[in-house]
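S.K.: Next come the chains, spelled out residue by residue.
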Amino acid sequence: MTTHTGSALTGLLDTDAIRKDFPVLQRVLHDGKPLVYLDNAATSQKPRQVLEALTAYYERHNANVHRGVHVLAEEATALYEGARDKVAAFINAPSRDEVIFTKNASESLNLVANMLGWADEPYRVDADAEIVITEMEHHSNIVPWQLLSQRTGAKLKWFGLTDEGRLDLSNIDELITEKTKVVSFTLVSNLLGTVNPVETIVRKAQSVGALVLIDASQAAPHMVLDVQALEADFVAFTGHKMLAPTGIGVLWGRQELLEDLPPFLGGGEMIETVTMGSSTYAPAPHKFEAGTPPIAQAVGLGAAVDYLSNIGMDKIAAHEHAITEYAVERLLEIPDLRIIGPRTAVDRGAAISFTLGDIHPHDVGQVLDEQGIAVRVGHHCARPVCLRYGIPATTRASFYLYSTPAEVDALIAGLHHVRNFFG
Amino acid sequence: MKLDSMYQEIILDHYRNPHGKGLRDGDAEVHHVNPTCGDEITLRVRLDGSVVADVSYESQGCSISQASASVLNDLVVGKTVGEGQVIQEAFLELMQSKGQGEGDEEVLEDAVAFAGVSKYPARVKCALLSWMAWKDATAKALAEQPAIND
Chain C
1 MTTHTGSALT GLLDTDAIRK DFPVLQRVLH DGKPLVYLDN AATSQKPRQV LEALTAYYER
61 HNANVHRGVH VLAEEATALY EGARDKVAAF INAPSRDEVI FTKNASESLN LVANMLGWAD
121 EPYRVDADAE IVITEMEHHS NIVPWQLLSQ RTGAKLKWFG LTDEGRLDLS NIDELITEKT
181 KVVSFTLVSN LLGTVNPVET IVRKAQSVGA LVLIDASQAA PHMVLDVQAL EADFVAFTGH
241 KMLAPTGIGV LWGRQELLED LPPFLGGGEM IETVTMGSST YAPAPHKFEA GTPPIAQAVG
301 LGAAVDYLSN IGMDKIAAHE HAITEYAVER LLEIPDLRII GPRTAVDRGA AISFTLGDIH
361 PHDVGQVLDE QGIAVRVGHH CARPVCLRYG IPATTRASFY LYSTPAEVDA LIAGLHHVRN
421 FFG
Chain D
424 MKLDSMYQEI ILDHYRNPHG KGLRDGDAEV HHVNPTCGDE ITLRVRLDGS VVADVSYESQ
484 GCSISQASAS VLNDLVVGKT VGEGQVIQEA FLELMQSKGQ GEGDEEVLED AVAFAGVSKY
544 PARVKCALLS WMAWKDATAK ALAEQPAIND
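So the protein lines, in turn, are chains C and D. Letter 204 of the first sequence, counting from 1, is numbered 204 in the working numbering, and no numbers are missing. Positions in the second sequence are counted from 1; adding 423 to them yields the working numbering.
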């Protein structure tokens, strides 16, 4: 028997206190099994502080934002724009006007792809241009570029993956060339858990004058995100994976780009003046926020950012690193278990995908569910990764600031039960 | 335990030893996928007049989808297309019963073991994958058949 070190991990947060803030984590399922929620890469749970911010907004301040002269409209506007200030500070944006609220990361990524398709030179993606992505992208950072490529004739290229689940950078000079207009890649893979080498890719892209878009959906919830340190041109992420409600996402972009690039959606709020012949546009961020925005959801994101900041993103990252290291070690004890992605906790996030012998992930997930353990099964919207590693699907356990070593132990016990059940 | 109502021993038996698996000659072939979980099946139907002479398939997927294809093979091979369609419709109805149906054992035989699956909305599509593929392939095979009976 291996000695289990779950209780002796260092760098853990006070999860007893944190878990009291998350009502859903108190749930008991299936005749007395406490919920073990390990599906955080899909969406996070919400603390009482976020739920209360939503309720307070609707009970006391609800109004449409901007231009209202009544009290509620002013309060709603202050709360909505206050959330923008909080997000700007959270990602160390040089200016609050660089923070665009969208409905999710997919919309943020699509927004950039569309802007570049409609842009004037030097940004315009046309038939002579090349777009570079990676094989480990979520479908939301693949399909918008396929669409752009099909509509403009631009060539779509991508980094492949190594057997260890890292980006294969060996052909970076052939991939990123003078023709490259944009390089878009994920900071942390939602399936493999890999943390990518941002600096190497950004330096190369800068050397050829290409724009860089980083999908930080799996990074913003889990680590310090400093858009200035990343040196990218655009950074996209979503709120619901970082304790906020669904329906709110963020696109950060460098101010001069947001000024130069054309709008995507037209409508109310994004204009300066409108005549029947033509319109002029409001400055960013409003230029990119047509229509009534997700106001309550933005307020909820502001509350989520406060919650995360009060704990400290560096401490959250350390907690998850310790949990991930422990989980990788314990998972590798299980016979027939193959981790799809790095088999260490170095440069890896807290999402761990694996296969278990010939047992289909759907069956793994079902038997775990019966024990109260929530994991995700399937291709995790990253089907090319499954194809790369020759598997139909994986089971994925993903951790967050409220995850505990005891939950890792429950997962391990659950997987042994799965093996016995189908053995 | 609730789980045992889905993973009946008879289902696990079919999963471990699937009947009729492998691709053989057929009059029509279809490929169906379940995009939510990545289950896939390539299925061929061979007709001999109005009789289902063979249902052969290659598939990957969970125990429910694999066992369901095996049971399908048992139930429809050797029957007429019309009889097969009655079974297929009975199975579909059972799967859509949200845990309320028991299934007519006279018609469905081993397939009544899937009654418990109908309680799990995420798994109903797994159970139906091969049956929908069979329905589709049979329609194709019939369309290509010379109208000798008319």
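Simulated from the structure, these hints should not be mistaken for lab results. Mixed in with the good hints there might be a few duds.
[Stated by the list, open to error] Simulated DEER-style distance windows between Cβ atoms:
id : chain 1 : residue 1 : chain 2 : residue 2 : range
1  : C       : Arg96     : D       : Gln519    : 47 to 53 Å
2  : C       : Leu387    : D       : Gln519    : 52 to 58 Å
3  : D       : Ala545    : C       : Arg338    : 22 to 28 Å
[To be verified] Result set (DSS-like, lysine-lysine): computed pairs, CA atoms no more than 25 Å apart in a straight line:
id : chain 1 : residue 1 : chain 2 : residue 2
4  : D       : Lys425    : C       : Lys33
5  : C       : Lys86     : C       : Lys157
6  : D       : Lys502    : C       : Lys33
[As the list claims (entries may be wrong)] Residues of chain C clear of chain D, computed beta-carbon distances all greater than 10 Å:
id : residue
7  : Gly82
8  : Asp120
9  : Gly153
Yeah, the Cβ is synthetic: ideal placement off N, Cα and C, and Gly gets one too.
S.K.: Indicate, hint by hint, whether the structure satisfies it.
M.R.: Hints versus structure:
A C-beta distance of roughly 52 Å is found between Arg96 (chain C) and Gln519 (chain D), which places it inside the suggested range of 47 to 53 Å. Remark: the range hint 52 to 58 Å for Leu387 (chain C) to Gln519 (chain D) is contradicted by a beta-carbon distance near 32 Å. Checking the proposed 22 to 28 Å range against Ala545 (chain D) and Arg338 (chain C) shows it holds: the Cβ atoms sit about 24 Å from each other. A hinted pair counts as satisfied when its Cα atoms are at most 25 Å apart, and Lys425 (chain D) with Lys33 (chain C) qualifies at roughly 13 Å.
About 36 Å separates the Cα atoms of Lys86 (chain C) and Lys157 (chain C), which puts this hinted pair outside 25 Å; it is violated. With a C-alpha separation of about 46 Å, the suggested pair Lys502 (chain D) and Lys33 (chain C) falls outside the 25 Å cut-off, and the hint is violated. At roughly 39 Å from the closest C-beta of chain D, the C-beta of Gly82 (chain C) stays outside 10 Å, upholding its exclusion from the interface. With a least CB separation of 38 Å from chain D, Asp120 (chain C) remains clear of the 10 Å interface cut-off, as annotated.
With a least beta-carbon separation of about 28 Å from chain D, Gly153 (chain C) lies farther than 10 Å from that chain, consistent with its non-interface assignment.
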